[in-house]
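Sequence order for the protein chains is A and B. Under the UniProt record's numbering, the first sequence has 268 at position 268, and the numbering climbs by one with no breaks. Under the UniProt record's numbering, the second sequence has 365 at position 365, and the numbering climbs by one with no breaks.
Treat the hints with care, as some may be off.
Quick list of in silico lysine to aspartate or glutamate cross-link-like pairs, EDC-like style, CA-CA up to 16 Å [stated by the list, open to error]:
| hint | chain 1 | residue 1 | chain 2 | residue 2 |
| --- | --- | --- | --- | --- |
| 1 | A | K117 | A | D75 |
| 2 | B | K117 | B | D93 |
| 3 | B | K162 | A | E392 |
| 4 | B | K117 | A | E193 |
| 5 | B | K117 | A | E198 |
Derived DEER-like restraints, expressed as beta-carbon distance ranges [what the hints assert, rightly or not]:
| hint | chain 1 | residue 1 | chain 2 | residue 2 | range |
| --- | --- | --- | --- | --- | --- |
| 6 | A | P356 | B | R29 | 21 to 27 Å |
| 7 | B | E48 | A | R107 | 47 to 53 Å |
| 8 | A | G34 | B | D243 | 49 to 55 Å |
| 9 | B | R109 | A | G378 | 25 to 31 Å |
| 10 | A | A376 | B | K360 | 39 to 45 Å |
It is worth saying that the hints were derived from the structure and are not from the lab. Source: prediction; values computed, not measured. Virtual Cβ for every residue (Gly too), placed ideally from N, Cα, C.
There are 2 protein chains.
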Amino acid sequence: MLRIETLAIGSELLETPRLDTNSVWLAQRLAEMGLGLHRKTAVGDDREDLRALFLEALERSDVILCTGGLGPTFDDFTKEVWAEILGAPLVEDPASRQAILDFYAARNRVPPAANFKQALIPLGAVPLHNPAGTAPGVYWEDPPGHPGRRIILFPGVPREMKIMWENHVAARLAPWASQPRRTLRMVFGSVPESALEERTRPARERHGDLAWTILAGLHHVELLASGPDPAALEAALADFRRDLGPDLAFVGPEGGIENAVLDLLLARGETLAVAESMPGGNLAARITAVPGAGTAFLGGATVYTAASKAALAGLDPAFIQAHGTVGEPVTRALAEGIRARLGADWGLAVTGNAGPTEDKDGPAPIGTCFVAVAGAAGTECRRFNLAGGRFELQNRGAAWALDLLRRMLLPNQAEPTSP
Amino acid sequence: MLRIETLAIGSELLETPRLDTNSVWLAQRLAEMGLGLHRKTAVGDDREDLRALFLEALERSDVILCTGGLGPTFDDFTKEVWAEILGAPLVEDPASRQAILDFYAARNRVPPAANFKQALIPLGAVPLHNPAGTAPGVYWEDPPGHPGRRIILFPGVPREMKIMWENHVAARLAPWASQPRRTLRMVFGSVPESALEERTRPARERHGDLAWTILAGLHHVELLASGPDPAALEAALADFRRDLGPDLAFVGPEGGIENAVLDLLLARGETLAVAESMPGGNLAARITAVPGAGTAFLGGATVYTAASKAALAGLDPAFIQAHGTVGEPVTRALAEGIRARLGADWGLAVTGNAGPTEDKDGPAPIGTCFVAVAGAAGTECRRFNLAGGRFELQNRGAAWALDLLRRMLLPNQAEPTSP
Numbered sequence: 001m002l003r004i005e006t007l008a009i010g011s012e013l014l015e016t017p018r019l020d021t022n023s024v025w026l027a028q029r030l031a032e033m034g035l036g037l038h039r040k041t042a043v044g045d046d047r048e049d050l051r052a053l054f055l056e057a058l059e060r061s062d063v064i065l066c067t068g069g070l071g072p073t074f075d076d077f078t079k080e081v082w083a084e085i086l087g088a089p090l091v092e093d094p095a096s097r098q099a100i101l102d103f104y105a106a107r108n109r110v111p112p113a114a115n116f117k118q119a120l121i122p123l124g125a126v127p128l129h130n131p132a133g134t135a136p137g138v139y140w141e142d143p144p145g146h147p148g149r150r151i152i153l154f155p156g157v158p159r160e161m162k163i164m165w166e167n168h169v170a171a172r173l174a175p176w177a178s179q180p181r182r183t184l185r186m187v188f189g190s191v192p193e194s195a196l197e198e199r200t201r202p203a204r205e206r207h208g209d210l211a212w213t214i215l216a217g218l219h220h221v222e223l224l225a226s227g228p229d230p231a232a233l234e235a236a237l238a239d240f241r242r243d244l245g246p247d248l249a250f251v252g253p254e255g256g257i258e259n260a261v262l263d264l265l266l267a268r269g270e271t272l273a274v275a276e277s278m279p280g281g282n283l284a285a286r287i288t289a290v291p292g293a294g295t296a297f298l299g300g301a302t303v304y305t306a307a308s309k310a311a312l313a314g315l316d317p318a319f320i321q322a323h324g325t326v327g328e329p330v331t332r333a334l335a336e337g338i339r340a341r342l343g344a345d346w347g348l349a350v351t352g353n354a355g356p357t358e359d360k361d362g363p364a365p366i367g368t369c370f371v372a373v374a375g376a377a378g379t380e381c382r383r384f385n386l387a388g389g390r391f392e393l394q395n396r397g398a399a400w401a402l403d404l405l406r407r408m409l410l411p412n413q414a415e416p417t418s419p
Numbered sequence: 001m002l003r004i005e006t007l008a009i010g011s012e013l014l015e016t017p018r019l020d021t022n023s024v025w026l027a028q029r030l031a032e033m034g035l036g037l038h039r040k041t042a043v044g045d046d047r048e049d050l051r052a053l054f055l056e057a058l059e060r061s062d063v064i065l066c067t068g069g070l071g072p073t074f075d076d077f078t079k080e081v082w083a084e085i086l087g088a089p090l091v092e093d094p095a096s097r098q099a100i101l102d103f104y105a106a107r108n109r110v111p112p113a114a115n116f117k118q119a120l121i122p123l124g125a126v127p128l129h130n131p132a133g134t135a136p137g138v139y140w141e142d143p144p145g146h147p148g149r150r151i152i153l154f155p156g157v158p159r160e161m162k163i164m165w166e167n168h169v170a171a172r173l174a175p176w177a178s179q180p181r182r183t184l185r186m187v188f189g190s191v192p193e194s195a196l197e198e199r200t201r202p203a204r205e206r207h208g209d210l211a212w213t214i215l216a217g218l219h220h221v222e223l224l225a226s227g228p229d230p231a232a233l234e235a236a237l238a239d240f241r242r243d244l245g246p247d248l249a250f251v252g253p254e255g256g257i258e259n260a261v262l263d264l265l266l267a268r269g270e271t272l273a274v275a276e277s278m279p280g281g282n283l284a285a286r287i288t289a290v291p292g293a294g295t296a297f298l299g300g301a302t303v304y305t306a307a308s309k310a311a312l313a314g315l316d317p318a319f320i321q322a323h324g325t326v327g328e329p330v331t332r333a334l335a336e337g338i339r340a341r342l343g344a345d346w347g348l349a350v351t352g353n354a355g356p357t358e359d360k361d362g363p364a365p366i367g368t369c370f371v372a373v374a375g376a377a378g379t380e381c382r383r384f385n386l387a388g389g390r391f392e393l394q395n396r397g398a399a400w401a402l403d404l405l406r407r408m409l410l411p412n413q414a415e416p417t418s419p
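Given these sequences and hints, build the entire structure.
Set out below in structure tokens:
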């Protein structure tokens with residue numbers, strides 16, 4: 001297996017909120033080829049730092065993908081440092097010089113002298129044409145003293161980097177792209193990460209030939225298995241379906257609980273309406289994020305006041321006055337009210353407290369969340385105690401609501417595990 | 001000057017499109033203290049890779065800020081590897097054990113056994129309390145054999161990392177803070193990045209002593225200026241307010257157009273209701289993301305069908321039949337309808353096409369977005385042509401709607417610049 005790493009060069013990556021998206025993109029392309037990345041590094045425009053980093057990378061990696069520092073300015077010296085540590089002179093590439101002249105001519109401008117520095121290529125390396133800018137890339141195989149190593153220098157501009165990868169680099173790494181790794185992605189609802197960890201250990205151990213990763217997100221926990229053998233992944237999935245039952249919400253490279261909910265509604269030929277206070281619109285937004293959501297999702301109400309609960313979901317103001325705006329009675333009434341108002345098969349409602357006002361000794365301290373699901377057979381309501389700040393609580397309230405509905409849509413209507 | 005680096009630990013950072021935002025946030029905090037970062041590294045959950053990385057970092061840096069790998073699962077072993085290479089045993093911290101018990105007790109749950117692994121701290125290091133989760137952090141000064149070095153271990157969850165930085169770590173690094181850099185953050189609405197780049201060049205050049213960064217996001221474009229002198233930043237802000245006028249939507253370290261809208265409504269003592277199809281709940285969610293939004297925001301309707309436009313915003317089905325579900329008539333009617341239904345001072349509505357169904361030769365190709373603002377003086381409607389996939393279009397539709405409303409709430413009701 002090739003050892004591959006990325007080096008992102010530029011002080012802006014250390015000093016500003018700019019994220020290194022190049023390495024994320026490259027990682028995805030490598031994964032598609034069954035190649036892995038073992039490290040990503042970002043370093044500033046400092047010759048000594050670059051020198052130290054390049055020497056380390058030469059020791060530990062077969063392929064070094066560098067982005068940035070190929071431009072015409074005083075702080076661009078990626079090529080110079082590489083050429084220096086490998087003892088190769090920089091020589092002008094006539095085609096790259098011509099490309100710079102042509103690029104400027106097409107814009108009726110004359111290139112500044114500093115620009116021609118970009119046409120210098122280390123002796124023995126291959127220049128990579130840049131159709132989107134003036135800095136050519138560099139592909140350097142077997143550099144002096146380091147046979148078998150490959151150093152690839154890309155411009156830092158994402159668009160230019162991507163074109164060079166597609167046009168020149170992907171094909172050169174293709175011979176190693178045997179054994180593409182496949183990934184099985186399983187999404188779990190209403191199961192905390194640590195509980196999932198314990199409950200899935202036996203199945204993960206039975207499938208120890210696969211590489212396992214567990215990721216806790218805002219909307220669900222996901223478990224990723226990867227390996228070269230599709231049959232091994234199929235077998236693991238069958239095992240998980242048996243062991244985890246309804247806790248396994250969704251399987252697929254993208255998507256989550258909301259996809260499972262919409263798939264179930266579609267299969268049943270049923271529709272959904274929502275009413276939410278605590279998630280503040282996030283419940284509707286999760287559902288409508290799925291393309292085609294409109295086939296089952298009729299609409300929703302974000303009800304931030306007693307008056308809006310009355311006007312949009314038909315609640316009686318006296319009822320809200322008597323029972324409060326958070327709790328089982330109002331949540332049930334909202335689910336039933338929005339179901340009736342929109343003529344949906346299912347009504348899903350969430351109330352709760354996402355802060356900032358604490359209600360420590362009252363009925364709804366921050367994190368309290370009530371979810372009600374109203375259907376033809378009646379209404380179910382659950383209370384959850386969620387963790388996090390306002391943003392997390394709004395999103396988790398939506399996620400737990402979707403998962404309760406999902407479980408009720410399953411053929412045998414399994415109960416959720418206790419939170 | 002302290003040599004500081006960040007290490008982000010987790011295979012998801014190498015194998016999935018997940019970006020390491022923790023190191024970006026830490027870099028900003030360090031910059032504010034006048035401290036610099038010389039390297040950022042991301043590495044997977046592999047013991048050998050961690051071992052090699054930690055040994056290198058000990059050689060080259062005074063302060064090592066590690067994020068990730070402190071959780072309860074099988075692939076969390078940041079502490080173990082540090083303890084091993086420094087020859088320090090891991091011992092249970094009673095306060096951290098108790099915090100785990102308390103965290104679960106507050107949720108009426110019993111912690112899984114694997115959870116207590118999180119209470120183990122290297123001998124000689126200081127545990128950092130985690131008020132938002134169960135994994136304590138670690139502050140380790142002068143570890144065995146490496147006097148003067150500081151190793152700080154944070155959980156990978158951004159919220160937990162941030163709290164620990166604020167509560168425990170910032171003060172411990174404060175003695176080295178020199179010439180703290182301050183940052184001025186200006187948020188612009190309805191102005192494309194390239195237009196903002198051109199229009200702000202004169203002002204940026206007049207304030208060339210400041211470091212400038214422009215960042216285009218999903219909801220707005222922001223311009224960051226940083227420098228050691230607060231007076232220089234004040235002067236720049238005054239210049240920008242004069243040059244950019246109503247295009248400058250919001251100034252502050254966090255927040256955006258929605259904050260400006262809520263501030264304006266609060267100052268006017270007015271209320272808002274929304275009706276949205278294209279943003280699918282994202283408009284309400286942007287508004288309710290602001291703590292205390294409920295003082296001005298009454299509620300909203302996500303209207304995905306003609307029937308829900310009728311049931312929630314009072315539209316006449318015959319009117320929708322005649323005018324279609326996307327366009328100026330229906331958007332105006334939605335803004336007026338939701339304003340009347342909820343008794344709000346302002347009604348804001350968005351319709352459009354976020355895909356996946358193309359309407360190439362029809363009235364609403366993908367990216368079409370209509371925004372209407374209904375107030376006491378009448379209703380304004382604009383059409384925008386937005387770019388991006390479904391997710392981007394849903395979010396941009398919400399952002400452009402909020403910015404049109406913001407401009408109408410300004411004292412002199414400035415018109416938006418053409419998109």
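| said: K117 (chain B) and D93 (chain B) were given as a pair; does the straight-line alpha-carbon distance stay at or below 16 Å? | reply: holds, 10 Å
| Restraint status (C-alpha distance of K117 (chain B) to E193 (chain A) at most 16 Å) | holds, 14 Å
| query | Going straight from one Cα to the other, do K117 (chain B) and E198 (chain A) come out at no more than 16 Å? | reply | Holds, at about 13 Å.
| message | Given the hinted pair K162 (chain B) and E392 (chain A), is their Cα-Cα distance within 16 Å? | response | Holds, at roughly 14 Å.
| message | Against the range 21 to 27 Å, how does the distance between the Cβ atoms of P356 (chain A) and R29 (chain B) compare: consistent or not? | response | holds, 23 Å
| field | CB-CB spacing for K360 (chain B) and A376 (chain A) relative to the 39 to 45 Å hint | value | With Cβ atoms ~40 Å apart, the hint holds.
| 49 to 55 Å as the expected CB spacing between D243 (chain B) and G34 (chain A), which holds or is violated | Since G34 (chain A) and D243 (chain B) have Cβ atoms about 53 Å apart, the given range 49 to 55 Å holds.
| field | Distance restraint between K117 (chain A) and D75 (chain A), which requires alpha-carbon spacing of 16 Å or less | value | Holds, because 12 Å separates the two Cα atoms, which is no more than 16 Å.
| field | Satisfaction of the hinted span 47 to 53 Å by the C-beta atoms belonging to E48 (chain B) and R107 (chain A) | value | 50 Å Cβ-Cβ, so the 47 to 53 Å window holds.
| request: Look at the Cβ atoms of R109 (chain B) and G378 (chain A) and judge whether their distance stays inside 25 to 31 Å. | output: holds, 28 Å
The earlier numbered hints are all upheld by this structure, with none contradicted.
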